[in-house]
Amino acid sequence: MSSLEPEITKTFTCFADWCLHKDSLSKEAKHTIDLLLEIAGTSDCEEADRILSNRTELDLSSNQITDISGLSPLANLTYLYLEDNQITDISGLSTLTNLTYFNLRYNQITDISGLSPFTNLTYLNLNYNQITDISGLSTLTNLTYLNLRDNQITDIGGLSTLTNLIKLILGNNEITDISGLSPLTNLIYLDLADNQITDISGLSTLTNLTDLNLYNNKITDISGLSTLTNLTDLNLYNNKITDISGLSTLTNLTELDLTNNQITDISGLSTLTNLTILYLDNNQIRDISGLSTLTNLTELYLDNNQITDLSPLRSLIQLHYAFVYGLNLFKKYFLPQHEWQAQWLLSEENAEIRRLLVQTIGYARICQELQATELDSWREYSLLKIDSDVDVEPIYLLKMTCPSTGFIHALRVPPNMTSAREAIRWVNWGIDPSEFTVES
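Mapping the sequence shown onto UniProt numbering, position 397 (from 1) lands on 397, and the numbers just tick up by one.
Keep in mind the hints are simulated off the structure, nothing from the lab. Heads up, the beta-carbon is just placed ideally off N, CA and C, and yes, glycines get one too. Do not take every clue at face value.
[Said to hold, decoys possible] Label-pair restraints from in silico Cβ distances:
#1 218 with 411: 33 to 39 Å
#2 64 with 317: 54 to 60 Å
#3 298 with 414: 41 to 47 Å
#4 412 with 174: 21 to 27 Å
#5 62 with 298: 34 to 40 Å
[Unchecked claim] Subject to a maximum C-alpha distance of 16 Å in a straight line, what follows is the list of computed EDC-like cross-link-like pairs (lysine to aspartate or glutamate):
#6 240 with 221
#7 385 with 369
#8 22 with 34
Construct all of the structure, not just a fragment, from the sequences and the given hints.
So this is what it looks like as structure tokens:
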């Protein structure tokens, strides 16, 4: 074989041999050996062997590594960082059985059966690979942390033996069945976001959970969560939930996200008095009286619902504003909308809140309460001006009093209007009011 055609693979028992033969290795394997020599701080193969063989921690993150077979002699390693490389094959590391911490996130791994000998592992991160089969993890019974987020996993039955797990991250996979998690009763943190889960009854045994993320699934029934009374943080964003009465027992919750569901009745939240942060955006809620007991709330999100009365929020002494109607509204707005005052326009500095006030109160009440000046009239129409510093320019209104009902309609018109008829023409796309006809 010519020197221009190095051998593709080699297997040696000590690092010195890998180093001495590196020029006969594939360029990918040679790249890894060169990185190890750089870490050892010497080009002497024997000296590098002594240094590296005694290492217990090694970080080769973000080094464009594809071939890791040259790490096999480093049997004393307990911490190994290989994140953000281009690794596809991990079978060559079976000798590193002393590893307790192994980070392989952001690689291109599909087959993890080679991990089965690593029974001393307590931490394993495989986030962002291309894994589908995780049955090879079933022997890793000392794991307390496992991250499998951003893979292509469908079957998690192989995790049922990992009963020492405390933190498990399975977000952004293709999981539908989570019944295999029920033996993992030591779990404190569980992330199942971005999957295709419908049935969560298998979680009812996980009574030590404090953090549970079920963001973006297809869940309708959450009654199985009622036993998880140690939960402090629960994320149910973007599911298909209508009934939240099953949450009433979760009195240790401090943060709850129910955004983007189909909820109408929130009375079941009234017992959750430890809540400090609550997300209820994008539901079908009208009545928020069930929130009046949540006196520890500091953040509340109610946007895109059908709420007209914010008065139940007045009892929430820690809550200084709520996000509702697309805005952060302060406490003085915690009233039924019909009690909002036109006078508030004079002191409100936020243009978006002023716009909401105008929209909610209506120009008719604003005209009456802010004593608009009549500039001109024509038949049942009046051109009005409000001089108060409500907007960046004076407000000109065209007011019409309905002859049959006496009801007042008002519409804002440009401030350069000089007569009622001119304002009517502007409202009616240039048609003069004298051209109006009455159809019988």
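For each hint, the structure was consulted:
At roughly 46 Å, the beta-carbon separation of residue 218 and residue 411 lies outside the given 33 to 39 Å, and the hint is violated. Between residue 64 and residue 317 the Cβ separation comes to about 56 Å, which falls inside the hinted range of 54 to 60 Å. For the pair residue 298 and residue 414, the supplied restraint of 41 to 47 Å holds, since their beta-carbon distance comes to about 43 Å. Separation of residue 412 from residue 174 is about 53 Å and departs from the stated range, judged on CB atoms against 21 to 27 Å.
The given range of 34 to 40 Å is respected by residue 62 and residue 298, whose C-beta atoms sit roughly 39 Å from each other. Among the hinted pairs, residue 240 with residue 221 is consistent with the structure: their alpha-carbon atoms are about 8 Å apart, no more than 16 Å. Of the pairs offered as hints, the one joining residue 385 and residue 369 holds, with about 13 Å between alpha carbons and a cut-off of 16 Å not exceeded. Proposed proximity of residue 22 and residue 34 is supported: the alpha carbons are some 9 Å apart, at most 16 Å.
Comparing the model with each numbered hint stated earlier shows that hints 1 and 4 do not hold.
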